[in-house]
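Protein chains: 4
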Amino acid sequence: MAEARFTFGLWTVGNPGRDPFGEPTRPPRDPVDTVHRLAEIGAWGVSLHDDDLVPYGTPPADRERIIERFARALGDTGLGVGMATTNLFTHPAFKDGAFTSGDRRVRRAAIGKAMTSIDLGARLGAEVYVFWGGREGTEVGVAKDPRDALERYREAIDVLGDYVHDQGYDLPFAIEPKPNEPRGDLWLPTVGHALHFITTLQRPEMVGVNPEAAHETMAGLSFHQGVGQALWAGKLFHIDLNAQRIGRYDQDFRFGAEDLKEAFMLVRLLERAGYQGPRHFDAHAYRNEDEEGVWEFARGCIRSYRALAEKAAHFDSLAEVQEALHDAGTDDLGAATVAASDPPDALKAEATRLDELARRGYGNERLDQLVVDVLLGLR
Amino acid sequence: MAEARFTFGLWTVGNPGRDPFGEPTRPPRDPVDTVHRLAEIGAWGVSLHDDDLVPYGTPPADRERIIERFARALGDTGLGVGMATTNLFTHPAFKDGAFTSGDRRVRRAAIGKAMTSIDLGARLGAEVYVFWGGREGTEVGVAKDPRDALERYREAIDVLGDYVHDQGYDLPFAIEPKPNEPRGDLWLPTVGHALHFITTLQRPEMVGVNPEAAHETMAGLSFHQGVGQALWAGKLFHIDLNAQRIGRYDQDFRFGAEDLKEAFMLVRLLERAGYQGPRHFDAHAYRNEDEEGVWEFARGCIRSYRALAEKAAHFDSLAEVQEALHDAGTDDLGAATVAASDPPDALKAEATRLDELARRGYGNERLDQLVVDVLLGLR
Amino acid sequence: MAEARFTFGLWTVGNPGRDPFGEPTRPPRDPVDTVHRLAEIGAWGVSLHDDDLVPYGTPPADRERIIERFARALGDTGLGVGMATTNLFTHPAFKDGAFTSGDRRVRRAAIGKAMTSIDLGARLGAEVYVFWGGREGTEVGVAKDPRDALERYREAIDVLGDYVHDQGYDLPFAIEPKPNEPRGDLWLPTVGHALHFITTLQRPEMVGVNPEAAHETMAGLSFHQGVGQALWAGKLFHIDLNAQRIGRYDQDFRFGAEDLKEAFMLVRLLERAGYQGPRHFDAHAYRNEDEEGVWEFARGCIRSYRALAEKAAHFDSLAEVQEALHDAGTDDLGAATVAASDPPDALKAEATRLDELARRGYGNERLDQLVVDVLLGLR
Amino acid sequence: MAEARFTFGLWTVGNPGRDPFGEPTRPPRDPVDTVHRLAEIGAWGVSLHDDDLVPYGTPPADRERIIERFARALGDTGLGVGMATTNLFTHPAFKDGAFTSGDRRVRRAAIGKAMTSIDLGARLGAEVYVFWGGREGTEVGVAKDPRDALERYREAIDVLGDYVHDQGYDLPFAIEPKPNEPRGDLWLPTVGHALHFITTLQRPEMVGVNPEAAHETMAGLSFHQGVGQALWAGKLFHIDLNAQRIGRYDQDFRFGAEDLKEAFMLVRLLERAGYQGPRHFDAHAYRNEDEEGVWEFARGCIRSYRALAEKAAHFDSLAEVQEALHDAGTDDLGAATVAASDPPDALKAEATRLDELARRGYGNERLDQLVVDVLLGLR
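As you go down the protein sequences, you meet chains A, B, C and D in turn. Sequence positions in the first sequence follow the numbering used here and run 2 to 380. Sequence positions in the second sequence follow the numbering used here and run 2 to 380. Sequence positions in the third sequence follow the numbering used here and run 2 to 380. Sequence positions in the fourth sequence follow the numbering used here and run 2 to 380.
Bound conformation, chain A alone:
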């Protein structure tokens, strides 16, 4: 197993600790310093919104200087750019949405901002370009016909896909779903909705998903199952790792900080599936942390991922696990159910024997306890 490539967003270790009820607890970070610090802790790369690097409204000359200085830091440290994205949520102009705002001028500006930001991503060598529609939703259901909103969303991605194609960039897109927050209900609330949306695009082949652990978890969905559907569809283009409790505000905790079993199943799935993209941590330190705590946080993310990947490999190497997986029918599920030659009548006849088929157990308690044992280091 090749070593996983770990990346952090500039906005993650740079998170100043502001929340809806409180002012920042940590000073802003210089992106160049962040690059150097990330290199020290063993990250492979960095990711960024346009505004993380170049604050909105920066004059062109300053902009160029900032980008060059940042590119130099990347060169000096050898860090790559895992992904780039556009900030279409912080500025008040996007208060009613960006690609799906009720104001066409805002929608156009959002597309324009994304184009400029795509240029930046391409210039910095980003592997993938992410779209998180944080403002693409509403609190007031009648204000927007969902069909119109999806149509505008599709139009925007299609226009930007054409743009990337016309510019000759090699920059696939990844759409990041989220159920709610900061809007009441967002379009494309889950991995499933995003996967379907992609099939409606003009260039579906260049667009995948960027699932985020916290987002699926907010809706109480199994993250590893959602990632599984994306992998099954060949659409896992990027992934956001963090931790979250179900049914709460977006917490973006350190990877591994919540639900270790789900984290284990996710890591095991990624590693077994041969996912090649970056393991991207979209999380931040608790608000009561200082600078030192930020780096404890970042190291913890990597540490827990590595530990879980090792445990996943160890788990699969155990004879008792192999036996339990067999008892659970895990391999059986990999085999086709019906042969081309099976006549319907034969299958109908088999349906009369349910009572016999009900007798066996599937050994799931033992299997799940083996997961717990391996997680706790008991085996």
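By construction, these hints were calculated from the structure, which means they are not laboratory data. Heads up, a few of these hints could be off.
Unchecked claim - If you want the footprint, here are the derived chain B segments under chain A, 3+ residues with CB under 8 Å:
| # | stretch |
| --- | --- |
| 1 | 107-119 |
| 2 | 131-144 |
| 3 | 154-163 |
| 4 | 186-196 |
| 5 | 229-242 |
| 6 | 256-268 |
| 7 | 337-345 |
In this text the structure is predicted, and so the values were computed from the model without any measurement. By construction, the Cβ of each residue, glycine as well, lies at the ideal position given by its N, Cα and C atoms.
Mind docking chains B, C and D on chain A? Use the hints.
Okay, now just chains B, C and D, sitting in the frame of chain A:
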């Protein structure tokens, strides 16, 4: 606006009031009697699982008699069959899944049972055939690779699609998603996951979704937005109406019993979109009801739907609503954002004017209060 | 029924529309202007945190001037102060808690800030003093022993109760629970936890609760039932009205914007119980609103409360409702179950007749549909 | 640390795998056989509902024989009875509630059934008598005034407290809260509500709480914090251990199967607090298990508890943990905030120095990662 067609499942008004902690509180109902009672309260039709009509294990001769008697009742009352479906969850054999069981013999039996059940549905003239994968999931993530499970699910629907085609039935399929219960996590947890799954089938054109209000609501998702995505995709083949609180056990309350605003937005969307399928109530009376309460329940479902449909039409007829919708940009959102002739540089330039675009408000408080006013009969 | 007294927090209509992902969309408001505007829309009074009126760090001379000007506005408009409270969450010093910070110096400062703020509340004639422990919690369970945290919380309220007593203020306290946000888990997460906490205080008679609709709803609890327990205990000292969807970030929507049936039951309970305190709206306008939308929001809160209060009275006046309530056993539940003279053996004997007792229904479907009918203006 | 005493309910290992959508998958178990099997796997004792041992309606002679046989099995194996309780939820008579039914005859029968069941519990030497009000709630808020319901609940517990006193039993009560399911909303939804309720009783000293992990977790509350408040109040009289995901149907999974970090914090709290009662597993095997799986399930509960207790002790023994706890202010929180001699003015003055107090971090990322490290066996 043509009068909506209302249908009820045999299992809904026939629900005996058993729950995980208690025994039935109402006696079983004769399906034929149910048909007559539904006709009396103004239902257009009925829907059924195979086992609702013909209990599993019924000898063939009895089976035929039961079906004929039921068909006669349909003829006598003029009731139609809105949809038919297979019970792949009650029998213990399906305890580990049906199409995605870890035991291939169970998977085959499930397909066979569905075939026999499809024959029944076709015979009774069902408009659509529904698949709810209530046991298609797991509590133990490692027991099943999600990719294998989805592959088996797809195989089963493909085999059954071929079967319908080969038999010459005119019977489209509708897949009904659910996030959890009775399994820990189900494959195809939301409308989005199901819509995407359909795009992977061999006969995607014959398969749509059957969203259920309670199921999307359990995960805290907006039901009308999910239905909106299905309509947008031309995939709303059937719909299950009921009521539910977020983050709870599957409640299947009387339509209108929870979240009147969401119910209003749903009805308004269905009516405006010209949805032609049955308005199917998949709900049941509270467990502390007797027979009389069951019919109060059924009448209440219809009554609330009709009232909300009238309110939706009234809402849209009000001048102040039209004004508020305009202020919210509702019509603006229906217009294309970008013209073919728009050069990227122009769009990029527009992105520098965000401060101007931030000034306007969208009148959403007024608009939402108009919804409340209309709901409460204040306007 | 006397007209309800409506109050708004300075921070509610003054909310600038900042959220975790976006900058403010509305300018700050002058508290004096707010007082005049609230008077215009028919509010009875206003409520405030210390820092809402006098920003933290204001020099003493400026402070005095600000307070005098504000008091004058109250006098000019005739508005009262429904409640006052301390901001113990915005300043970074409170990042680990206020009364339960892990730093004793912070805990002492928090108590000191509350004392100064209590002086202000008493001076302005506040009816009640509220404690919302927004930072009193943790994301890291091992960091704080819950017993120590509750002990420190109790100590702080006891010290402040003594202070109020020693100063001779007539200022009861009301504790406001919340399950989470901005901290991972808060001490005193629900009305129940707060009601119990109060029984452990040195001056329990001067302390009640201030339940907030959004907070109980976040945890999926029935708000009117929680308020019911507070009323039952004689501890409903204040109430925060707004709207919220279950299992989401703290939304603080306009009263009536979500779950009209629950809102109806709450209003009916408050009116029937003769609750005399202010109906306090702790909510804010959607972020995509401008100034005009803020006042639409405020008027909507009052309008919906009044409409629901009228509907509650109308509901109870209907003969069919009285009949349905009787059938449901609503009045029966008000009667004692056991007489002093009932011998245990008689009760034991009655327990052998459950089968007979199981036969009746409780007419709950009809009763609940009557609620829906009245809400929708159908009766 | 003395070895914890583990107990299982007869209904837990005896759970037949019935659920709302499916028939039983396992045969009923003979309680005497269960006692012997529990002894084999190292359980200290057993717990029971009246009907678990003696089915409702059993003739007196059979009843006596069943009890004697069971008592003999206890004697033979040396197993104790951790707790006893009354089944007030399965029989259809309780469909509208037991102590809070809208039918006084049902309420009386419920009290009578509880008396007979208390006699049984006392006879078998139960340590504590539990009340779980599974049917004490409603789906229809207007059907019951919450104040009346709580009054009837209180009356019932008071009557039964008198009964225990009059009979001379040494049998304290423990009230088990739950937010919902099988009713829409239950009275006493959380540990907090139950703790408060107890303070209103005539014999508060004989009544504590029986918190259940799954129940608090359904509402998204921190279980160990709720248990902490109960311990703080001296009211943890019993505890139900299992596992559950937030915002779902009542899952009652094997202890340790979900949220290992929360389970760790709970076990650490119980062990540190010197809780002496049984560690009671109120859980059951997955429905797709056979008999063998049931005992895997039971052994897994014990195994995970023991492993977590060892890890808790190990965690606290580590120097780096002690240091991190100190940095987090864990010990500081144990110290009084204010001295009797502190003048208010001094505290007010300290409140002007918040900026200084904001500088420090609390090392929570490091501390939480230490928990993860210990859980994963990395330290």
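Hints versus structure:
1. 107-119: That given contact holds, which follows from 10 residues of the stretch 107-119 of chain B lying within Cβ reach (below 8 Å) of chain A.
2. 131-144: It holds, with 6 qualifying residues against the three required.
3. 154-163: holds (count 3)
4. 186-196: holds (count 10)
5. 229-242: Three-residue rule met by the stretch 229-242 of chain B, so holds; n is 5.
6. 256-268: holds (count 3)
7. 337-345: holds (count 5)
Consistency with the previously given hints is maintained throughout, with no hint failing.
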